[in-house]
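Enquirer: Go by the hints and put chains B, C and D onto chain A.
Protein chains: 4
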Amino acid sequence: MGAAGDKIKKEMTERRRDLHRHPETGWTEFRTTAKVAEILRALGYTVHFGSAFIKPEHVMGRNIDVDAEKKRAVEQGADPKIVTEIGDYTGLYAELDTGKPGPVTVLRFDIDCVDANESMDENHLPVKLGFTSVNPGWMHACAHDGHTAIGLALAELLKEDQALKGKIRLLFQPAEEGVRGGYAMMAAGLVDDADYFIAMHLGLGKPTGEVYGGVDGFLCTTKLDVDFKGFGAHAGGEPQKGRNALLAAASAALNLHAIAPNAEGATRLNVGVLNAGEGRNVIAPNAHMKIETRGETDELAAYVYNRAEQIIEGAAKMYDVSFTITKQGEANRADSSPKLAALVSEAAKTVEGVTCVGTKRPMAGSDDACWLMKRVQERGGQATYIGIGADTAAGHHNGRFDFDETAMPIALDVLYGTVKQLNG
Amino acid sequence: MGAAGDKIKKEMTERRRDLHRHPETGWTEFRTTAKVAEILRALGYTVHFGSAFIKPEHVMGRNIDVDAEKKRAVEQGADPKIVTEIGDYTGLYAELDTGKPGPVTVLRFDIDCVDANESMDENHLPVKLGFTSVNPGWMHACAHDGHTAIGLALAELLKEDQALKGKIRLLFQPAEEGVRGGYAMMAAGLVDDADYFIAMHLGLGKPTGEVYGGVDGFLCTTKLDVDFKGFGAHAGGEPQKGRNALLAAASAALNLHAIAPNAEGATRLNVGVLNAGEGRNVIAPNAHMKIETRGETDELAAYVYNRAEQIIEGAAKMYDVSFTITKQGEANRADSSPKLAALVSEAAKTVEGVTCVGTKRPMAGSDDACWLMKRVQERGGQATYIGIGADTAAGHHNGRFDFDETAMPIALDVLYGTVKQLNG
Amino acid sequence: MGAAGDKIKKEMTERRRDLHRHPETGWTEFRTTAKVAEILRALGYTVHFGSAFIKPEHVMGRNIDVDAEKKRAVEQGADPKIVTEIGDYTGLYAELDTGKPGPVTVLRFDIDCVDANESMDENHLPVKLGFTSVNPGWMHACAHDGHTAIGLALAELLKEDQALKGKIRLLFQPAEEGVRGGYAMMAAGLVDDADYFIAMHLGLGKPTGEVYGGVDGFLCTTKLDVDFKGFGAHAGGEPQKGRNALLAAASAALNLHAIAPNAEGATRLNVGVLNAGEGRNVIAPNAHMKIETRGETDELAAYVYNRAEQIIEGAAKMYDVSFTITKQGEANRADSSPKLAALVSEAAKTVEGVTCVGTKRPMAGSDDACWLMKRVQERGGQATYIGIGADTAAGHHNGRFDFDETAMPIALDVLYGTVKQLNG
Amino acid sequence: MGAAGDKIKKEMTERRRDLHRHPETGWTEFRTTAKVAEILRALGYTVHFGSAFIKPEHVMGRNIDVDAEKKRAVEQGADPKIVTEIGDYTGLYAELDTGKPGPVTVLRFDIDCVDANESMDENHLPVKLGFTSVNPGWMHACAHDGHTAIGLALAELLKEDQALKGKIRLLFQPAEEGVRGGYAMMAAGLVDDADYFIAMHLGLGKPTGEVYGGVDGFLCTTKLDVDFKGFGAHAGGEPQKGRNALLAAASAALNLHAIAPNAEGATRLNVGVLNAGEGRNVIAPNAHMKIETRGETDELAAYVYNRAEQIIEGAAKMYDVSFTITKQGEANRADSSPKLAALVSEAAKTVEGVTCVGTKRPMAGSDDACWLMKRVQERGGQATYIGIGADTAAGHHNGRFDFDETAMPIALDVLYGTVKQLNG
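Residue numbers (our numbering), protein chains in the order written: chain A, 1 to 424; chain B, 1001 to 1424; chain C, 2001 to 2424; chain D, 3001 to 3424.
Possibly wrong hints are sitting among the right ones.
From chain A, some residues computed to sit far from chain B (all C-beta separations above 12 Å) [unchecked claim]: (1) Gly44; (2) Asp67; (3) Gly236; (4) Ser251; (5) Ala266; (6) Thr297; (7) Val357.
Listed next, the stretches of chain B that the computed footprint assigns to chain C, with coverage defined by at least 3 CB atoms under 8 Å from CB atoms of chain C [claimed, not checked]: (8) 1239 to 1249; (9) 1284 to 1294; (10) 1309 to 1322.
Since the hints were derived computationally from the structure, they do not count as laboratory data.
Bear in mind the structure is a predicted one, so any value in this text is a computation, not a measurement.
We treat Cβ as the ideally placed atom computed from N, Cα and C, and that holds for glycine.
So that you can see chain A by itself, here it is in the shape it has in the complex (with noise of 0.2 Å):
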């Protein structure tokens, strides 16, 4: 039997589907931070929020207008008084100190949606139970309001538990979509300390009932966006003092895809988008590319990373037009540490519901998390990325995503178990 009581159960329920029907997106969840500090302080912990948690100056791919979204999370439901303290960073985090020398241990939950429009179709679960998206264009697609309503029962079930020693430190991530959020968190401070960083993850492919305790096998991404800034001219009259950033962004979109691919591993690069120009008979003084970079390992995307700057800069001198380079998301690659691995797995053997444990399974993308995992590695902790099945109605991202809520318990669960182990 489950550690968690049907109340706290039905909470988590309850919870995941008002995030459902509340998505915000990296950056905007003012909301869903405002609810998480609400339900964390009336547990009685303290919440840290702004530059105490994330270092503004390594905040990648944020471009959103702030009163706007503080207005919108405040009509939504959030309380205006925590949104105003929240300042303009998403994200909090909050710490059990039990007072009693023990490990330090961090867990990560990460909370916003991704950009998709909801289905419609009377099939998909929040249709027929009524909560979906009212947040048109944004979408709960990736278990985030799942991962977010754990951390909260996870919250109330170690703040119950008296036997626990160390600290035990629970992050609720902004921005994990498009891998924008981690590295500032990161370089926040907040796993310098760890002994042991925990990341979670539902479905990922796998049904209800698997878990793996350690999955890897990440790839090492870069988002970058370019912008060329050329100069218009009359392309009839006097095309010759024009400044051709559209030439300058097709050249560099075909040799960009025209990198060699490198025998020491898979490696990829996208332009995915193109915009360029402003009316048909002028010269293009402007263009904006949107690029993904990947690589097997860090070496493989620094290479492709590097080629790519080589190749945007050349572009640039050719047509004599300036550009800039601007991260919008990274994330490297990092494995799960073998031991703290296993221990998961065995934890989760005697969970509720669990058919069949692995230890390790590779997974096919990016998370930011790989930062913490990593930083925690090489200052001597030990990290895991745990892998919780759940069935799925559809594809992570597509709008007619839905998890079988039965997995949270599940998930809940195994990472209690597994803190009972590091800090029991």
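Expert: Then chains B, C and D, alone, in the frame of chain A:
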């Protein structure tokens, strides 16, 4: 002294300002067309709309919401009944048939505005006098408001003149900007019986008081949109399944700009706008390009256009994507008939306010009146494009453009004087 | 103890050095073929040349002056009568038909050299012992001289062995470098009746004493030449009349290198050589490219090749030039049959000088023996590619390449031992 | 009647044919220089070679084997002693100093041939009369053989004329083709003291009998070679280690051809030759391009050249390769001084055989005599480029080119008549 009395001149200015306040971009001129119709009918003319005036199958660069535009036009003062009469296509013609044997003379007045935001500078005359555009993004920045007002004043003078012989047809053309409407008017046969054709433009870089009986040196131009349609695929997970429209467009753009110059004369090509892709991590499934080709002669224009077609087809082939080329506008070139130009110049010499008369001067732009000019000349008639100098506050198409209204009576007198010569 | 007596070993070394001194690049092996024929005939074999051995219509990458090469071969010691017998195509096969029922076993030995200049370094063994290449630009830098000598020694051993059953066929293949000759041999039906097929290579990065019963992991590859034919015109005087093959090739090259990676496995494409144009002031009327495509599987190879074809066709279309694609070589992939590989490994264990026997090891190159291997396997036979370790002075194809001649008797014993098992 | 007697005319024809039979391409004119020196010395002139005549540091497009060419020259009849005197650089000047006060007049005669194979058609005059080129690939197909012979005949006439005043300097220029030698002659100061400068060309598309006192409309041009140096790597095994010079060149070529046209006048750029790469399976470590830029004015030429530099640098940057740009030739533009041109025309009117005299006519090519013309004009002198019509059998630079030799005495008389006017 001019033929027009003070009343007509005052009316002309008032109408110009009313039109300036209610600019309508190409194919949306429902209010303008209704107003013109209303005035011409009041003068006793029968007006002709729709397929009698313009052949829909030859219309280019038209992508509008007819109902919404008609609704707007009525809200801005158009007579609802006339708006209904107009049908889907704006513009109209009216004819003065004297009943007496004589030549057929056709005059063209363009009525659309340009896509520009009007300046709110306090020195801008429309600001001072309170007749700035009520339609954001649209502005009469190329003097077509003046042309329309002149055309209406001429209609009044002609109606009052009992001495005229033959027929005089007045064309009020939509969508001259982007050279989109002229060909479709020609295709409707409006000049097939013309002995004389006259188009006219204010400004053209010359001061008030200068008049050119016939300008020359128009550039042939084609405006084309290109769409590439490929297939999106996850750039990390299955890049091989994508068919990359962005790279097709980038490759096309580069090679289009590399079309060889032509020793026979000047040519131009500009890819002014390129928009491609949906998301950073998706192989771009679509791309859109706005292109303009030009040539000093029909042959040179055809050379560039044909090379462009080859390159676009080749780029699509390269990336296994489909493509469509849509002509959004086209103008050929025509030269003013020397005899008719000389006759206009002669007529201009006696006009009040004219300080300098030239027979010919080169023009470095395009106008789809050339379709009408060439048609008339090919069928044995004479055609000219008259330049009426006018001081301007800024260049054509600029948000601060404004022209000296005293050029309007000059234009009116030149036109009326010319018609008197031809049909007197 | 090895099966081969000292005489055979000594002969093997002498022949290898004679062949090393007289290297012949693919399709020019007239001296080598004549020498092999002479020796085999002396042993009592009948040899088969020409279309009995190789199908001319499937020959790739051959562009030689037959008469000049035959003349050279004779000057370098080939028997003029045999050179005449050979006809236009080099290489041959001989067969030992025991007259007794038994399996058909086919062995392949490649005889051509590589295009490289031999090192004149005093530490280079052929320099020390005076058997460096007499043919500048040609060098046995891939051990085919050893392979040929081993094949001849094996022929001698087989002829002396009265206990053998079935048939044993020995193929002496021309033009393995560039994977040009294998397909045409397969097309001649030389393995259609084979129960067993064996190819063998010395070196492959492994030291003397190691033997691998069957190597795997060949890469599929296609070597292709592309010619664009346009039209030259004076670049200053009439650029518009040119059809620019140089730009077609440049555009093709860039876009070929931008072929998307394939998530199913590694692929490669290289435009290694591009030559275009005739003069500085002439629009380039021609362009030639040497290209290589690779893939880990037949499907991946086909993916790259098919994309390459589309791009080449598209580039030609862009510049209104014609194009031809000529395959200059091609190899598929095949895996060694596990049972046969194991049998070879077993046989190797008893061979003198063998210190380590492996069953399989990956190979990161291409060999057109794969056509023969796959053919045999598809028809129900077994095939293997044996790796015989040999210390080398430098990498394969390097001008300082030299292999440890003591690996030759090991290879001979492994092959003879294997044949004894199969046909004994 | 012409000033030159029959003897001089006969000599002139004989010399022209001897030179035609022994053509020498730019910078290899050792036989021609020696012959010219021999004849001038026989007439009593002192000749000046080497750095007195040409500044080596400004020599362009010279890549020859001096010893081999001198050897050839001697074999073809040059005086070995003079060949030794010449030094490394061909060409020479001689001066007639009358000792009497008067102007300094400089005349330029170009002596090199073009790179072309002479036609062996039986109708080709040199075939008929047996004076075709003995140097395969080299041919006097631009009449410089005639120019040289005329220069020598003029030297003789001048020497005999006791009435002349001032100084007359005769320049025999090497390497006019490819506009390689002119700048270096100018740099040697040969026209710094000139009051008058005269260059002359036969043919130019006009028939025998027409004379133009001063042609205009030269195009500025620069001939440049570009070398990219990257790094070779095995395209299959370690493509990431390569730095691809072929793709740098391909990208440069495409973008060079996409340099925007200039509304101020005609410009041209041609990448006429591109050679890159070493082998099919090696990332190309090198690339070479032969490029030509042109412009109607110095400013237009500079516009294209500067854009080209940016693009080449950018392309190198893109592929992390180094590059060098080497000027292989350059000509500016100059216009004939009207007064001097008129004086020449006047002089031409009295010349026997002249049927038509023009003052100016446009010329659609380049000649590095312009460096000398412009230099003289900038220092206050007058300069002209005389066009002497001559019927030709085919276009300049064509293998069947031949000019009507009766144009030579006309040219001689025009030049002599002009000098008489200037220095008489």
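Enquirer: None of the hints should be skipped; say for each whether it holds.
Expert: Structure-based check of each hint:
1. The Cβ of Gly44(A) lies farther than 12 Å from every Cβ of chain B, with a closest approach of about 42 Å, so its non-interface assignment holds.
2. In this structure Asp67(A) is separated from chain B by more than 12 Å, as the shortest Cβ-Cβ distance comes to about 25 Å.
3. At roughly 5 Å from the closest C-beta of chain B, the C-beta of Gly236(A) falls inside 12 Å, breaking its exclusion from the interface.
4. Taking the minimum C-beta to C-beta distance to chain B, about 6 Å, the non-interface status of Ser251(A) is violated against the 12 Å cut.
5. At roughly 9 Å from the closest C-beta of chain B, the C-beta of Ala266(A) falls inside 12 Å, breaking its exclusion from the interface.
6. Under the 12 Å C-beta cut-off, the non-interface status given to Thr297(A) relative to chain B holds; the minimum distance is some 15 Å.
7. Look at Val357(A): its CB is around 27 Å from the nearest CB on chain B, clear of 12 Å, so calling it non-interface holds up.
8. For a cut-off of 8 Å, the count of residues in the region 1239 to 1249 of chain B with a CB near a CB of chain C stands at 5, and the three-residue condition holds.
9. Against chain C, the region 1284 to 1294 of chain B contributes 0 residues with a C-beta closer than 8 Å to a partner C-beta. That does not satisfy the three-residue criterion, and the hint is violated.
10. Given a C-beta distance limit of less than 8 Å, the hint that chain C covers the region 1309 to 1322 of chain B holds, as 10 residues qualify and 3 suffice.
Of the numbered hints listed earlier, those contradicted by the structure are 3, 4, 5 and 9.
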